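Colleague: Sequence:
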Amino acid sequence: MKAMILAAGKGTRVRPITYTIPKPMIPILQKPVMEFLVELLRQHGFNQIMVNVSHLAHEIESYFQDGQRFGVEIAYSFEGYIKDGELVGKALGSAGGIKRIQDFNPFFDDTFVVLCGDALIDLDLTAAVAWHRQKGAIATVVMKTVPREDVSSYGVVVTDKSDRIVAFQEKPSVEEALSNHINTGIYIFEPEVIDYIPSNQEYDIGSQLFPKLVEMGAPFYGLAMDFEWIDIGKVPDYWQAVRGVLNGTIKNVSIPGHEQFPGIYTGLNVAVNWDKVTIQGPVYIGGMTKIEDGATIIGPTMIGPNCHICSGAVVDNCVIFEYSRLGSDVRLVDKLVFGRYCVDKTGTTIDLKAAALDWLITDSRQTDIQLSPLELKEMMS
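In short: position in the sequence shown from 1, add 754, done, that's the working numbering.
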């Protein structure tokens, strides 16, 4: 069975992470979100997977390669061009990407599934495909029911009594919403739906293809299912995903490493004197990270591999990416640290270098680290 993962977007709403990591490669406790999707597809018999790539395409291709080590076959459709010897991404839109693959050589020859590469899901795809076929649908949108007060954050799908889709509403107000079923970005298609996508142009599934299907009166249905769906669309969404795994509210992702104490997990060879630090779980600490005596870590917190948390530093409810050094003056509460950037849970970003704070938070591999005023004072005493 065949599937497609949409992985060509720039992920602008998840910056600064997506400056160097494509959105499908954003790690949920050290495992890329797209890897969970590949595993889900394999579990349900979808072993031939096409992936459209554009922004930072090499990161995705070099990690997943031909899919062999994941028990599937994977091929890639690059959207972009070369300029001055450099690859330049130029995404064709979610529908345009499907059309490009089919124009190159007809790949989709039976019912196929399309997944957005930036969502963490736990869905019975087998049951969804069976329902789609039973309906005789040309296209099916897998929907999720949300509380009515939350509809303004999503694309709303309106169906009739037979589950046929009759309209879409993009982030309607609570008063205007005609449904509380939302579009999850999970689609089941028949190959003939591709005939309605124009060639060689940018074209979107949600805003262009779907309205066309509704207008035509095509057999186009919405299936509401109860499943876990975490959309990593913005930095706050990513924050909630990591917290959910650590707190145990997201059930289909296990915390990696070894549980040293209840709720405290570590990777390999973490350097820490447990009786000389304050650590309250749930906390994950990546391998080869050093936690100095006198540091405080309060969960839910993830600290990536190869970090250095100095004595006196306080890390409370944070996500710290790999190779981060937090100096002894650091007091981080509700923050995400990614390279030279510090982000709060609303998505507001500080460039530490531009703000002349890179002595406070810097790269742990740096050999000429500037000491903080507190560290200098301690050295002089």
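I should point out that these hints are in silico values taken from the structure, not numbers from a laboratory. Treat the hints with care, as some may be off.
Claimed, not checked - Derived EDC-like pairs (lysine to aspartate or glutamate); straight-line CA-CA distance at most 16 angstroms:
(1) LYS764 with GLU813
(2) LYS1107 with ASP1088
(3) LYS1005 with ASP878
(4) LYS1030 with GLU1046
(5) LYS844 with GLU833
Quick caveat: nothing in here was measured; it's all calculated off a predicted structure.
Colleague: Can the restraint linking LYS1005 and ASP878 be considered satisfied, given a maximum Cα separation of 16 angstroms?
Modeller: 15 angstroms, holds
Colleague: Under the criterion that the straight-line Cα-Cα distance not exceed 16 angstroms, is the pair LYS764, GLU813 satisfied?
Modeller: 13 angstroms, holds
Colleague: Assess, step by step, whether the Cα of LYS1030 is no farther than 16 angstroms from the Cα of GLU1046, and give holds or violated.
Modeller: 8 angstroms, holds
Colleague: Is it true that the CA of LYS1107 sits at most 16 angstroms from the CA of ASP1088?
Modeller: Distance ~20 angstroms between LYS1107 and ASP1088 Cα, so the pair is violated.
Colleague: Checking one constraint from the list: CA of LYS844 to CA of GLU833, max 16 angstroms. Satisfied?
Modeller: The given pair, whose Cα atoms are some 5 angstroms apart, holds under the 16 angstroms limit.
Hint compliance for this structure: hint 2 is the single one not met.
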